[in-house]
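Asks: Next come the chains, spelled out residue by residue.
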Amino acid sequence: MNKDMCVRMTGAVLLLGLCSYANAYKAVEVSNGGVITGTIKFSGTPPANPKLEITKDKDVCGKSLTADYYIVGANGGLQNAVVTIENIDSGKAYDKKEIVALDNNKCMFSPHVTTAVQGQKVGINNLDPVLHNTHLYHGEKLKTMYNLALPLQNKVIKKKMKRAGVVTVKCDAHEWMLGFVYVTSNPYSVVTGADGSFTLKDVPPGSYKVKVWHEKLGEVTQDVTVAAGGSATLNYSFGN
Amino acid sequence: MNNNRNFMCGVSAAMVLALVAVPFAAFGAADDNAKAKSPLMSIKASPYTERPVENAESVAQGKAIYDKACTYCHGLEGKGDGPAAVYLSRDTAPRPRDFTAGIYKFRSTLSGELPMDEDIFHTITKGVVGYMPGFVGMPAEDRWKVTYYLKSMYAEFKGGMPESITVVGGPIPGTAVSVNKGYKVYTKFKCWECHGGGGQGNGSKAADLKDDWGFPLPPRDLTRLNIYKNGSADIDIYRSIMAGLDGGAMPSYADFFAGEEENVWHLVNYIRSLSQ
Numbered sequence: 020m021n022k023d024m025c026v027r028m029t030g031a032v033l034l035l036g037l038c039s040y041a042n043a044y045k046a047v048e049v050s051n052g053g054v055i056t057g058t059i060k061f062s063g064t065p066p067a068n069p070k071l072e073i074t075k076d077k078d079v080c081g082k083s084l085t086a087d088y089y090i091v092g093a094n095g096g097l098q099n100a101v102v103t104i105e106n107i108d109s110g111k112a113y114d115k116k117e118i119v120a121l122d123n124n125k126c127m128f129s130p131h132v133t134t135a136v137q138g139q140k141v142g143i144n145n146l147d148p149v150l151h152n153t154h155l156y157h158g159e160k161l162k163t164m165y166n167l168a169l170p171l172q173n174k175v176i177k178k179k180m181k182r183a184g185v186v187t188v189k190c191d192a193h194e195w196m197l198g199f200v201y202v203t204s205n206p207y208s209v210v211t212g213a214d215g216s217f218t219l220k221d222v223p224p225g226s227y228k229v230k231v232w233h234e235k236l237g238e239v240t241q242d243v244t245v246a247a248g249g250s251a252t253l254n255y256s257f258g259n
Numbered sequence: 003m004n005n006n007r008n009f010m011c012g013v014s015a016a017m018v019l020a021l022v023a024v025p026f027a028a029f030g031a032a033d034d035n036a037k038a039k040s041p042l043m044s045i046k047a048s049p050y051t052e053r054p055v056e057n058a059e060s061v062a063q064g065k066a067i068y069d070k071a072c073t074y075c076h077g078l079e080g081k082g083d084g085p086a087a088v089y090l091s092r093d094t095a096p097r098p099r100d101f102t103a104g105i106y107k108f109r110s111t112l113s114g115e116l117p118m119d120e121d122i123f124h125t126i127t128k129g130v131v132g133y134m135p136g137f138v139g140m141p142a143e144d145r146w147k148v149t150y151y152l153k154s155m156y157a158e159f160k161g162g163m164p165e166s167i168t169v170v171g172g173p174i175p176g177t178a179v180s181v182n183k184g185y186k187v188y189t190k191f192k193c194w195e196c197h198g199g200g201g202q203g204n205g206s207k208a209a210d211l212k213d214d215w216g217f218p219l220p221p222r223d224l225t226r227l228n229i230y231k232n233g234s235a236d237i238d239i240y241r242s243i244m245a246g247l248d249g250g251a252m253p254s255y256a257d258f259f260a261g262e263e264e265n266v267w268h269l270v271n272y273i274r275s276l277s278q
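So the sequence lines, in the order shown, correspond to chains V and E.
To get the numbering used here, take the position in the first sequence, counting from 1, and add 19.
To get the numbering used here, take the position in the second sequence, counting from 1, and add 2.
Pulled out of the complex, with its shape left as it was, chain V reads as follows:
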């Protein structure tokens, strides 16, 4: 047995090992990274946000609330869409211990949509003087992931996001409450701002499938190529 064979054997064992950790994202130094930037819009008149029927705790929740499903700015910019790179196995480092904030505030979830990297924890807090229970579900079909009582104010409960995918957040005590945590296997994910714009930084050069997701409008995947040190644009319009 020569040295070369030895290296190969060790390598094969190592590879086998890595395969058993499928989807593991690898943090590397990105020195020549590019940027993906753009604006997600809604063209035409967006559907009206329904009035939410407030049936309890009106002194805390308010007498009437309007849903925040479609937030479209003057130029058509769509807020709260998620933009994420689908097929990226290695890239910029991220803080695995970052706590992704999710507040119960005046009987709404704040932020309404947020992102987390698989393995990070969401820190759930209740700012209201009433009972909330933050009920997280795998996917959009309501299959319980965690159901947590939040009887007291200002105590942050931290729970790990174990799988990638959409997490729907609800409150059984206030059935109108709705939020989303979009969990990705890599740190290249962002929620669009009030003007629909977004920026993904430090993207290693390459060709990517980039997904745009919105809670009501569904998802689309676009091909984006990022040159070393370059800036790629991704604009997309939902609606008509």
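Lysine-lysine pairs mimicking BS3-like chemistry, simulated, CA-CA at most 30 Å apart:
(1) V:162 x V:77
(2) E:160 x V:181
(3) V:177 x E:190
Sample of chain E residues facing chain V (criterion: CB under 10 Å; computed from the structure):
(4) 191
(5) 193
(6) 207
(7) 210
(8) 250
Derived from the structure by calculation, the hints contain no laboratory data.
Every residue, glycine too, gets a C-beta built ideally from N, C-alpha and C.
Once you've looked at the hints, dock chain E against the given chain V.
Replies: Structure of chain E alone, referenced to chain V:
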């Protein structure tokens, strides 16, 4: 020299193997610990001590038993949709458990975790008051085999057995002082918002509660101790409060009572007092 190199190569490959294998070995270890740990059950431990080996054969035997005893309610494929399912409660929850969904109400584990084997065995043994008959007359070995078959319907059970939540302290005599402390806990932690001020399941949040399948599932009327679905022993009530009832609206209070578990035992006494 050559022999030595081969040896070193073997060592390096073995080291990598060891690194890779450690997490899996750890799973195995956790498994053994979980088996050694006493689950949070109110029935005697004796039926748990001896259990058949879990393998393809015992799963197949479990299926044969399931096909005769369980399909009318739980369905041929375990989706909780057997021909008798609809008659259990018509338009409200609970329906028979859907074993393919991996969501279990009656667990000794934290919210979001799968149940321990003992939890499933326990439910088969005791049944669910008002809904599911207990199969205590079935030989324990067969109940274990059915347990294994139910687990085989959901792939994530293969990831290793989850750990039981830790019980801190134990039941406290239900004195007036303790019941009064429990009342304060019931108030402070807002149990009344769902279960009502008098515990009759008529709190301000009660009317809208639904299960994961969209069926109305009102909170338990706590004044009827004998129909608590998750059992009515002190440890059963403790378990429901700390673990929550996944798939329904009852959330886990484990994070809020961490470090003050004594209050849970007072709360248990207050809840029991509601039925007197």
